[in-house]
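J.: Please take these sequences and the hints and turn them into a complete structure.
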Amino acid sequence: AQSVAQPEDQVNVAEGNPLTVKCTYSVSGNPYLFWYVQYPNRGLQFLLKYITGDNLVKGSYGFEAEFNKSQTSFHLKKPSALVSDSALYFCAVRATGFQKLVFGTGTRLLVSP
Amino acid sequence: SAVISQKPSRDICQRGTSLTIQCQVDSQVTMMFWYRQQPGQSLTLIATANQGSEATYESGFVIDKFPISRPNLTFSTLTVSNMSPEDSSIYLCSVKERERPYEQYFGPGTRLTVT
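Line order of the protein sequences matches chains G and D.
Counting from 627, one number per residue, gives the positions in the first sequence under this note's numbering.
Counting from 2, one number per residue, gives the positions in the second sequence under this note's numbering.
Derived from the structure by calculation, the hints contain no laboratory data.
Warning: the hint list may mix true and false statements.
When the alpha-carbon atoms are kept at most 20 Å apart in a straight line, the in silico SDA-like pairs for lysine to any residue are as follows [as the list claims (entries may be wrong)]:
| # | chain 1 | residue 1 | chain 2 | residue 2 |
| --- | --- | --- | --- | --- |
| 1 | G | K675 | D | P102 |
| 2 | D | K97 | G | G723 |
| 3 | G | K675 | D | A3 |
| 4 | G | K675 | D | F67 |
| 5 | G | K684 | D | Y103 |
| 6 | D | K97 | G | K703 |
| 7 | G | K726 | D | F67 |
| 8 | D | K97 | G | L674 |
| 9 | G | K726 | D | N51 |
| 10 | D | K8 | G | N667 |
| 11 | D | K8 | G | P666 |
| 12 | G | K726 | D | F62 |
| 13 | G | K726 | D | E59 |
| 14 | D | K66 | D | L113 |
| 15 | G | K726 | D | S70 |
| 16 | G | K726 | D | T49 |
| 17 | D | K97 | G | F724 |
| 18 | D | K97 | G | S686 |
| 19 | D | K97 | G | F672 |
| 20 | G | K703 | G | S738 |
| 21 | G | K726 | D | I91 |
| 22 | G | K675 | D | K97 |
| 23 | G | K726 | D | E100 |
| 24 | G | K726 | D | T78 |
| 25 | G | K684 | D | P102 |
| 26 | G | K726 | D | S54 |
| 27 | D | K97 | G | A721 |
| 28 | G | K726 | D | R101 |
| 29 | D | K66 | D | C14 |
What you are looking at is a predicted structure, and each value in this text was computed from that prediction instead of being measured.
T.: This is the structure we're talking about:
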């Protein structure tokens, strides 16, 4: 069975500082990994994905994520946080050959001015 | 990516009634899905909407409670039947596009409150 863990309910960071939102996963076979962001009263927006290849993937709004197979992690990062990055972030995994996305519980990111 | 709209955006319903949520996409998509996000919770897949045939439901979700239709490649409906307060959630439509076969894109959601 697939599962995703986001160990932090909330991450606080000052504007301009680097941010990391953690995600670990469990899946049989090779994983497809995704990050989504949800702003208040809005649907989910796709940020980035890892399918294969380079372990560092770049996405929208300056975000990037690093796939680490040995640690089964896919942490979301950004070199310099913006107040407008404050939102709810979801990590998700899909097993190869399946369509179902399994989401983590979400991490609320608060960027202070 | 495809533009996804949902109607209604929110509703307040009485216990025991039913609500049908519509999902419209501006282009043909290969797959359509329905997810539920309960208050303060993560997203859970309800079912995959199959064009012209019965939806494929996940464990814990049944057709009598959540009937789904998908008459064509751009439109789907989810009905929440015989509602109870536990059905209060955000319901999200999601699609996969032929041009982007890996990721799923989500609609804005329908916020349902059952009183």
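J.: Hint by hint, note whether the structure agrees.
T.: A quick look at each hint next to the structure:
{"no.": "1", "hint": "G:K675 x D:P102", "result": "holds (12 Å)"}
{"no.": "2", "hint": "D:K97 x G:G723", "result": "holds (14 Å)"}
{"no.": "3", "hint": "G:K675 x D:A3", "result": "holds (17 Å)"}
{"no.": "4", "hint": "G:K675 x D:F67", "result": "violated (30 Å)"}
{"no.": "5", "hint": "G:K684 x D:Y103", "result": "holds (16 Å)"}
{"no.": "6", "hint": "D:K97 x G:K703", "result": "violated (26 Å)"}
{"no.": "7", "hint": "G:K726 x D:F67", "result": "holds (18 Å)"}
{"no.": "8", "hint": "D:K97 x G:L674", "result": "holds (15 Å)"}
{"no.": "9", "hint": "G:K726 x D:N51", "result": "holds (14 Å)"}
{"no.": "10", "hint": "D:K8 x G:N667", "result": "holds (14 Å)"}
{"no.": "11", "hint": "D:K8 x G:P666", "result": "holds (18 Å)"}
{"no.": "12", "hint": "G:K726 x D:F62", "result": "holds (14 Å)"}
{"no.": "13", "hint": "G:K726 x D:E59", "result": "holds (9 Å)"}
{"no.": "14", "hint": "D:K66 x D:L113", "result": "holds (15 Å)"}
{"no.": "15", "hint": "G:K726 x D:S70", "result": "holds (19 Å)"}
{"no.": "16", "hint": "G:K726 x D:T49", "result": "holds (9 Å)"}
{"no.": "17", "hint": "D:K97 x G:F724", "result": "holds (13 Å)"}
{"no.": "18", "hint": "D:K97 x G:S686", "result": "holds (19 Å)"}
{"no.": "19", "hint": "D:K97 x G:F672", "result": "holds (12 Å)"}
{"no.": "20", "hint": "G:K703 x G:S738", "result": "holds (17 Å)"}
{"no.": "21", "hint": "G:K726 x D:I91", "result": "holds (18 Å)"}
{"no.": "22", "hint": "G:K675 x D:K97", "result": "holds (14 Å)"}
{"no.": "23", "hint": "G:K726 x D:E100", "result": "holds (19 Å)"}
{"no.": "24", "hint": "G:K726 x D:T78", "result": "holds (19 Å)"}
{"no.": "25", "hint": "G:K684 x D:P102", "result": "holds (18 Å)"}
{"no.": "26", "hint": "G:K726 x D:S54", "result": "holds (19 Å)"}
{"no.": "27", "hint": "D:K97 x G:A721", "result": "holds (15 Å)"}
{"no.": "28", "hint": "G:K726 x D:R101", "result": "holds (16 Å)"}
{"no.": "29", "hint": "D:K66 x D:C14", "result": "holds (15 Å)"}
The structure shown violates the earlier hints numbered 4 and 6.
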